[in-house]
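Could you put the whole structure together from the sequences, leaning on the hints where they help?
Each chain is listed here by its residues.
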Amino acid sequence: MTAGQRVLRAPDIIGATRGGLDRVGRGALLAAAIVRILASPRRYTNAALAQAYHMGIRSLPLVLFMAAIGGALASQQTGAQFTGGLPLWVIGSVVAAGVLTELGPVLTALVLIGRLGASIAAELGTMKVTEQIDALYSIGRDPVTFLVVPRVVGGMLVVPPLVIVADAVGMVSGWIVGLVAIEGLTTADFLFGARFYFRPWVLAFSVIKAAIFGVTITFLACFIGLEGRGGAEGVGRTTTAAVVATTVAIMLLDVLLVPLLKVA
Amino acid sequence: MIEYRGVWKQFGDDSVLSGVDLTVKEGETLVLLGPSGTGKSVLLKHAIGLLTPDRGDVIVDGISIPRATPEELKRVRRRIGYVFQNAALFDSLTIARNLALALDTEGNERPLAAVRPEVAELLRRVNLDEDVLDRYPAELSGGMRKRVGVARAIASRPRYVLYDEPTTGLDPVNAETIDGLIVELAEELGVTSIVVTHDLESAFQVGDRVALLTEGRLRACGTPEEILASEDPVVQRFMHRRFGTAAAQ
Chain A
3 MTAGQRVLRA
13 PDIIGATRGG
23 LDRVGRGALL
33 AAAIVRILAS
43 PRRYTNAALA
53 QAYHMGIRSL
63 PLVLFMAAIG
73 GALASQQTGA
83 QFTGGLPLWV
93 IGSVVAAGVL
103 TELGPVLTAL
113 VLIGRLGASI
123 AAELGTMKVT
133 EQIDALYSIG
143 RDPVTFLVVP
153 RVVGGMLVVP
163 PLVIVADAVG
173 MVSGWIVGLV
183 AIEGLTTADF
193 LFGARFYFRP
203 WVLAFSVIKA
213 AIFGVTITFL
223 ACFIGLEGRG
233 GAEGVGRTTT
243 AAVVATTVAI
253 MLLDVLLVPL
263 LKVA
Chain B
2 MIEYRGVWKQ
12 FGDDSVLSGV
22 DLTVKEGETL
32 VLLGPSGTGK
42 SVLLKHAIGL
52 LTPDRGDVIV
62 DGISIPRATP
72 EELKRVRRRI
82 GYVFQNAALF
92 DSLTIARNLA
102 LALDTEGNER
112 PLAAVRPEVA
122 ELLRRVNLDE
132 DVLDRYPAEL
142 SGGMRKRVGV
152 ARAIASRPRY
162 VLYDEPTTGL
172 DPVNAETIDG
182 LIVELAEELG
192 VTSIVVTHDL
202 ESAFQVGDRV
212 ALLTEGRLRA
222 CGTPEEILAS
232 EDPVVQRFMH
242 RRFGTAAAQ
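Keeping their order, the protein sequence lines are chains A and B. Mind the numbering: the first sequence is residues 3 to 266 in this note's numbering, read in order. Mind the numbering: the second sequence is residues 2 to 250 in this note's numbering, read in order.
Keep in mind that the hints were calculated from the coordinates and are not lab data. Misleading hints may appear alongside valid ones.
Unchecked claim - No more than 25 Å apart at the CA atoms, straight line, and that leaves these computed lysine to any residue pairs for SDA-like:
| no. | chain 1 | residue 1 | chain 2 | residue 2 |
| --- | --- | --- | --- | --- |
| 1 | B | Lys75 | A | Ala190 |
| 2 | B | Lys75 | A | Ala243 |
| 3 | B | Lys75 | A | Leu40 |
| 4 | B | Lys75 | A | Asp191 |
| 5 | B | Lys75 | A | Asp144 |
| 6 | B | Lys75 | A | Arg44 |
What you are looking at is a predicted structure, and each value in this text was computed from that prediction instead of being measured.
Here it is in structure tokens:
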């Protein structure tokens with residue numbers, strides 16, 4: 003690219019940067035509005051509980067399926083990699099570590115991104131492009147109180163129990179598949195290994211991660227949904243953007259949260 | 002009273018409003034006419050703070066909308082009913098819930114059973130039967146949805162009702178029903194109304210005054226008779242083309 007072309011492209015780059023910063027600013031304002039509303043639980047508790055219930059019911063079957071597959075894979079892979087080199091009880095430790103710290107929370111989050119994040123972004127995006135959000139303002143309702151806070155609080159409430167269930171199912175599936183597929187592994191070995199690794203903080207870490215993921219998925223889906231524009235095609239773009247942004251955010255958070263595991 | 006004082010609005014490089022000055026007097030019905038894309042709906046949205054002007058001011062009952070606090074804005078919005086072009090009903094809620102939401106203020110919601118009589122009364126006011134209460138917006142015809150939109154707009158007993166193309170997309174019978182409703186509500190409830198429309202017949206039927214917006218500016222404003230008698234060639238061309246088209250059809 004010549005110097006002249008670079009100069010000609012400068013306004014585009016400045017415009018894009020400004021647009022990005024504007025978006026971050028709007029996200030920060032939305033987050034601030036949510037925090038303000040959280041101080042008045044009466045305004046959103048019932049709606050948040052209803053959201054949590056629906057989110058949980060809609061996601062549970064897929065969460066259980068993914069957790070069972072995750073546990074089974076962890077157990078089989080550990081057996082295939084370590085058999086002969088390490089005692090078999092290590093399989094119990096690796097399954098417990100893998101499921102509780104990573105597979106349980108992350109697989110659940112990925113399921114929820116597809117199941118809830120996409121649906122929240124599509125719903126709010128449709129409401130935006132069909133002027134339903136403007137209609138809420140026009141009747142003196144705040145869309146943040148009415149739509150966003152119940153979803154974010156619902157996500158924060160429902161993801162931890164989903165992850166606990168996913169952790170349990172992942173462990174059980176790892177144990178059963180290990181007994182069937184790994185020669186010589188006994189229940190006593192598996193339980194010894196799992197107990198050897200397990201500390202209460204690991205479970206707490208799993209639950210904390212779940213709550214953070216729950217807030218992240220619902221917040222980003224709501225924010226991107228409310229930014230929606232441009233008819234049916236726009237809603238499609240909004241939904242895709244929400245899934246991509248939320249997935250990236252969850253993976254980054256997963257890395258950033260690792261040091262928390264070493265706290266206790 | 003709603004006052005627009007030198008309102009400018011631009012979207013990207015497109016200048017939509019270029020210094021509009023307009024006053025809507027208490028109790029009158031003002032019809033905003035103009036070709037597509039001249040900023041009629043944009044002007045309407047400024048009155049309830051859905052858009053803020055780049056320059057100028059919009060004042061409702063002495064409160065500057067762009068400078069209003071969120072609480073002031075909420076209070077002003079309860080005094081204004083807004084009928085959206087495509088009704089903009091909440092499609093995941095039944096008609097009863099749509100209307101109940103507009104009846105109560107945030108944080109003071111009553112159970113649906115308690116507001117049902119009031120909701121039914123609102124429907125009766127727009128000539129709809131109670132049997133639509135438990136239906137969803139998608140299950141209603143376009144005309145019925147518009148009427149529910151009007152019912153929602155008057156739920157908070159507003160002083161002002163703003164109609165954004167209330168008859169667009171409706172058959173002549175339904176359009177006439179909506180026009181009748183606008184006149185009826187203005188007379189019975191004494192509301193001040195702004196009606197954005199392309200429909201000249203409708204404009205002259207419901208409007209006490211008619212304003213013509215072209216290229217983001219107010220070109221003419223007066224009683225229907227004054228507008229029809231205007232010697233401004235732009236006004237004449239707009240009226241002639243519209244009436245001419247209607248006559249030809």
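Structure-based check of all given hints:
Our distance criterion of 25 Å between C-alpha atoms is broken by Lys75/B and Ala190/A, whose separation comes to about 65 Å. For the given pair, Lys75/B sits about 32 Å from Ala243/A by alpha-carbon distance, which is inconsistent with the 25 Å threshold. Proximity of Lys75/B to Leu40/A is assessed by CA-CA distance (about 19 Å); at most 25 Å being required, the pair is judged to hold. Between Lys75/B and Asp191/A the CA atoms are separated by roughly 65 Å; this puts the pair beyond 25 Å, and the hint is violated.
Annotation: proposed proximity of Lys75/B to Asp144/A holds, straight-line Cα distance about 9 Å (limit 25 Å). Among the hinted pairs, Lys75/B with Arg44/A is consistent with the structure: their alpha-carbon atoms are about 19 Å apart, no more than 25 Å.
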